[in-house]
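**Q** The listed protein sequences derive, respectively, from chains A and G. Once you know that position 308 of the first sequence is 308 in my numbering, the rest is easy, because the numbers rise by one and skip nothing. Once you know that position 70 of the second sequence is 70 in my numbering, the rest is easy, because the numbers rise by one and skip nothing.
These are computed hints drawn from the structure, not numbers from a lab. Just so you know, these numbers come straight off a predicted model, no measurement behind them. Hints are supplied without guarantee of correctness; some may be wrong.
No more than 25 Å apart at the CA atoms, straight line, and that leaves these computed lysine-lysine pairs for PhoX-like [unchecked claim]:
hint, chain 1, residue 1, chain 2, residue 2
1, G, Lys143, A, Lys267
2, G, Lys143, A, Lys3
3, G, Lys143, G, Lys2
4, G, Lys159, A, Lys3
5, A, Lys41, G, Lys159
Below, a sample of chain A positions facing chain G; criterion: calculated Cβ distance under 10 Å [to be verified]:
hint, residue
6, Gln115
7, Met176
8, Met260
9, Gln262
10, Arg316
Derived CB-CB ranges, DEER-like [said to hold, decoys possible]:
hint, chain 1, residue 1, chain 2, residue 2, range
11, A, Leu317, G, Tyr153, 24 to 30 Å
12, G, Lys105, A, Glu343, 24 to 30 Å
13, A, Glu54, G, Lys159, 37 to 43 Å
14, G, Ser55, A, Lys350, 30 to 36 Å
Glycine is no exception: its CB is placed at the ideal position from the N, C-alpha and C atoms.
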Amino acid sequence: MGKVLMKGNEVIGEAAIHAGCIYFFGYPITPQSELVAYMAKRLPEVNGLFLQAESEVAAINMVYGAASAGVRVMTSSSSPGFSLKQEGISYLAGAELPAVIVNIGRGGPGLGNIQPAQSDYFQVTKGGGHGDYYTPVLAPSTLQEIIELTSEAFRIADDYRTPVILLGDGMLGQMMEPVEFRGIEEKEFKEKDWATSGTEGDGPPRVITSLDLSDIKLEERNNRLQEKYSMIKKQEIKVDSLYTEDAEYIVIAYGTVARMVQSAIEKAREEGMKIGLIRPVTLWPFPSEVISRISEDIKGILAVEMSAGQMVEDVRLAVEGKTPVSFYGRTGGVIPSVEEIYEAIMKLGKGVTA
Amino acid sequence: MKQELIIAGFGGQGVMSMGQLLAYAAMKEGKEVSWLPSYGPEQRGGTANVSVVISDSKFGSPVIDRPTSLIALNNPSFLKFEPLVKEGGDIFINEDLVTVQSGRKDVTVHLIPALTVANELNEQRTAGMVILGAFITKTGILKTESLLAALTYLLGKKKDHLIPVNRQAIVRGEKIIKKALSSIN
Chain A
1 MGKVLMKGNE VIGEAAIHAG CIYFFGYPIT PQSELVAYMA KRLPEVNGLF
51 LQAESEVAAI NMVYGAASAG VRVMTSSSSP GFSLKQEGIS YLAGAELPAV
101 IVNIGRGGPG LGNIQPAQSD YFQVTKGGGH GDYYTPVLAP STLQEIIELT
151 SEAFRIADDY RTPVILLGDG MLGQMMEPVE FRGIEEKEFK EKDWATSGTE
201 GDGPPRVITS LDLSDIKLEE RNNRLQEKYS MIKKQEIKVD SLYTEDAEYI
251 VIAYGTVARM VQSAIEKARE EGMKIGLIRP VTLWPFPSEV ISRISEDIKG
301 ILAVEMSAGQ MVEDVRLAVE GKTPVSFYGR TGGVIPSVEE IYEAIMKLGK
351 GVTA
Chain G
1 MKQELIIAGF GGQGVMSMGQ LLAYAAMKEG KEVSWLPSYG PEQRGGTANV
51 SVVISDSKFG SPVIDRPTSL IALNNPSFLK FEPLVKEGGD IFINEDLVTV
101 QSGRKDVTVH LIPALTVANE LNEQRTAGMV ILGAFITKTG ILKTESLLAA
151 LTYLLGKKKD HLIPVNRQAI VRGEKIIKKA LSSIN
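Only chain A is shown next, with the shape it has when bound in the complex (with noise of 0.2 Å):
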């Protein structure tokens, strides 16, 4: 169909449509509105169904019954009404239920602002609800990097029965690129054999719960889930990176905030020094192995952020110890400059650890 210029967050709404999932319940608030209303208009045109729910807490509570159903699943919102679906998101994974929620994040903490922010990076990477349980977070960069993600997203819901987010900053849902929806095919979905969409009395019910009053049991579905984790961990790692192969220093940062580390990396590079980016794409389960390999072989690492530092833990989680680890970030909506991360970039050069 060639390339289409889009925003953002309409081009989350085609790519999820493209990966088989014509239900969707959400609730609007700046900055992914604009996805709520891309569903509302485009659903019934694929005869899928567009709810706008009361609120936040109600509209992931829809997801679970419709993802109990075996449907491919999605809501969205933004930092605030993000949080208020943290208690479905923890019933999701203790029901194993595959869904799809976005988080196009914004300026917090409490209401905040409108801007874009990556200050929910704990929240989306540690759990974020009650309950020991993650989710696979993945994090594009591009608009055309969202129609993959989207995909993957909704591939992975199913094939590990999880419910996994799909992280943006108000910056990349506001933002237009030309995307191109190319090599998607109509997939055949595998049966979901546990689904409550009726038995007619072939075999025994079918139960969708996140509830075990048994100790032992509730441990021995906590096992089930760890051992989901580590076969996640194993499998579905994503990682990119650039100008890797002669660096002494190395940038991590993800998202939105990669491409201007690439703009600083690429000036930083003009002016001789040899310096790469690793850009995490799945931030749980987080590239660990990767950044503990190349910090043996590097004279330091500098994250950036578009928080106070929070990836930059798991950073120093993967280093443990082996290089210097310093850090640059903005809060609050405000978006690091290009020149700001150069800088930070030269400081590292020198030596100078934040």
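Once you've looked at the hints, dock chain G against the given chain A.
**A** Showing chain G alone in chain A's frame:
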């Protein structure tokens, strides 16, 4: 070739649409492009701006710290972004609305009487096209035909009677720049 352009003005002056036209035209020419709007509270009653990066090759940041070109449609926008323009860059201002002057000697300021021209064409809404005509002529980043094709697409069939007057507006912008350039040379 790469252009990092900021278009700024009051909400309602067509800032976002002008950027969208360029982005669409650039896509049709097979160039790399990004369109990033300001979507903050400043849009309400204040200034709106959009950052458009157009490049022959892949680029990183869609955020522009130092624009190579600025299109300023009102005084506050001019005052905000004029100091940021890169050395050797171009500033295109709507002369009918921007009354302050640039003190910079290291950039070229193009005074475009966009509203006057648009009124002469009996279609005030073409003011933006006059400036875009000037911008693509000076920078050589896009072809006039691509811009018109973008407009044809974005206006849709129902409004295609507006294409000729928009073409005239682009040509007028082109002429203003060519005349200014020949008087310098």
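**Q** State for each hint whether it applies.
**A** Tested hints:
| no. | hint | verdict |
| --- | --- | --- |
| 1 | G/Lys143 <-> A/Lys267 | violated (30 Å) |
| 2 | G/Lys143 <-> A/Lys3 | holds (19 Å) |
| 3 | G/Lys143 <-> G/Lys2 | holds (14 Å) |
| 4 | G/Lys159 <-> A/Lys3 | holds (24 Å) |
| 5 | A/Lys41 <-> G/Lys159 | holds (23 Å) |
| 6 | Gln115 | holds (6 Å) |
| 7 | Met176 | holds (4 Å) |
| 8 | Met260 | holds (4 Å) |
| 9 | Gln262 | holds (3 Å) |
| 10 | Arg316 | violated (25 Å) |
| 11 | A/Leu317 <-> G/Tyr153: 24 to 30 Å | violated (50 Å) |
| 12 | G/Lys105 <-> A/Glu343: 24 to 30 Å | holds (27 Å) |
| 13 | A/Glu54 <-> G/Lys159: 37 to 43 Å | holds (39 Å) |
| 14 | G/Ser55 <-> A/Lys350: 30 to 36 Å | holds (31 Å) |
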